[in-house]
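A.B. asks: Chain residues, written in single-letter form:
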Amino acid sequence: MKTDLKTNLKSIWARAYVRIVGANREPSWILSETVLPLLNTAAFVYVYKALRAPEEYIGFVILGGAMTAYWMNVLWSMASQFYWEKEMGNLELYLIAPISRMSILLGMAIGGIFYATLRAVVVFVFGSLIFRVNFFISGVVELFLIFILTMIALYGMGMFFASLFMLWGREAWHTSNLFQEPIYLLGGFFFPVKTLGYTVAMFASAIPISLGLDGMRQLCFKTGKTLGFLDVKIEILLLLGLSIFYIWISHYALLFMENLGKKQGRLTLKWQ
Amino acid sequence: MNQNFSTHTKTLKLASWLGWKMESNWADWWIFAVYSVVRPLASSMILVVMYWVIAKSGNAQASGSYNLTFMYLGNAFFMFVGNVLYGVAWTIHEDREHYQMLKYIFISPAKMYFYLFGRGTAKLFITVFAVIATIAFGMLVLKIPIDLSAVNYPMLVLVTGIGLLGIAALGVILAAVSMVTAHHSFYLTEGVAGLFFLVSGAIFPIEVLPGWLQKISLINPLTYWIELARRYITGEKMCQVLSSISNLELFFILTLSTLILVYLSVIIYRFFEHLAVQRGLIDRLTNF
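From first to last, the protein sequence lines stand for chains Y and D. The first sequence maps to residues 1030 to 1301 in this note's numbering. The second sequence maps to residues 245 to 532 in this note's numbering.
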């Protein structure tokens, strides 16, 4: 029997609510999620300053530094979350509830976006002000579209990883760990992705944030277009394709992994 | 006295063994070996690409001793900071919320302070491997000029040991703070490592920082540690701000500041442990 839309919407909100309210009940996160990440980004800014790089590179780092918030969130609060839930004993409760598993993932994503956005905004606004970044917005609508599509595709990718990691033990944790810096490198978080060469950049385009960052840089900086990898319109289309693909595949991956977990008796296996 | 010493040694030994098992036995040894070097290499390559981008565009006008060797070695040594801080501080979250074992360690004869040091040791060993692999990759693939015959090995090992003691003490301080915060202590560790990344002159010379940040850099023991490590590897004074200070003076500053840091870690740890016990936070779960 299919669950009605209202129940699923309620479960999305319920899963998001825990994160939004839970985070707000712990004021210490304001320091660890806002001020401290700005310092890390500042270190990369000073590398460019020490190299006396052109001004726009500082803006590239600020934008990349802000976007790290979402990648961290996708890795640690999406991809590895079902692993955590399994360890805590929540996963079986989700599975016996009369709801779509996708609504749980969506709720996690919405709650995660809430506090990742705060971190991103702080890094972006304060970073831009402190380092006096000059923006030259050449297309507001395109910029908005590219950001939204990047978020959908990125969190879709997070949902896909969450499904894949569901049955893993500590491998889930270590895989997330492994994906952090290599994706900063491949995604061009601190330099234009074009620098890596066409083939590597194409490969890196499977990570939505690579295309998203490249597109945003092209639309935000005067010289951005000359350092861009693909035309913005093509990037928007690719991001749209990635959004559909990741959400579609996460749905099937979730079903597959759940069935596999039932057969192998690994859905409630803890502390592996 | 002797009994205490024996208990602490045993705690250190067992915690290190436990940490090593937890870090390494989730995969085959070769997967684990690849895993241990991929992340550090990627973090170094980010800086290398940043350097190349500017160098290739012909815009790089970096002067003085600032070059790829400076950046690469500083970043390689800084890996110890991130990994050991994380290895020690994350223990609280892992044991309290994940394995839910923290309360049992608290009621055992083991002293948590030594237990935390022990858990950090496992990360330390993995990082030693990663740092050596990173430097080797730099020399062999990126052709970073390091003359291995000119390295002052005894002093490098001694200075690295002192620096690591200081980092572990910082890790204990963070672990202590983690006892009274929620599960985002992971981000706290990452953020604090970010702070040291900024003010330790690891990847850029501290002279490019504004005056007030330079002053913070100069009270940071890691600034002296990284500069000394670079000097004992290359034989050159690489940070201009510290160029008037001899190796011996730097060594003295590093040793003294590390001792102060270890002392502070004991005091701060006791304070937060007391607070956590008073507030009933030793077995709470916050992983939402």
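These are computed hints drawn from the structure, not numbers from a lab. Honestly, I wouldn't trust all of these hints.
Claimed, not checked - Straight-line Cα separation of at most 20 Å, PhoX-like style, residue types lysine-lysine; simulated pairs:
| # | chain 1 | residue 1 | chain 2 | residue 2 |
| --- | --- | --- | --- | --- |
| 1 | D | Lys347 | Y | Lys1078 |
| 2 | Y | Lys1254 | Y | Lys1299 |
| 3 | D | Lys347 | Y | Lys1299 |
| 4 | Y | Lys1299 | D | Lys265 |
| 5 | D | Lys265 | D | Lys254 |
| 6 | Y | Lys1223 | D | Lys347 |
| 7 | Y | Lys1078 | D | Lys254 |
A.B. asks: Could you run down the list of hints and mark each one as holding or not?
C.D. replies: Each hint tested on the structure:
{"no.": "1", "hint": "D/Lys347 x Y/Lys1078", "verdict": "violated, 48 Å"}
{"no.": "2", "hint": "Y/Lys1254 x Y/Lys1299", "verdict": "violated, 50 Å"}
{"no.": "3", "hint": "D/Lys347 x Y/Lys1299", "verdict": "holds, 19 Å"}
{"no.": "4", "hint": "Y/Lys1299 x D/Lys265", "verdict": "holds, 17 Å"}
{"no.": "5", "hint": "D/Lys265 x D/Lys254", "verdict": "holds, 16 Å"}
{"no.": "6", "hint": "Y/Lys1223 x D/Lys347", "verdict": "violated, 51 Å"}
{"no.": "7", "hint": "Y/Lys1078 x D/Lys254", "verdict": "violated, 49 Å"}
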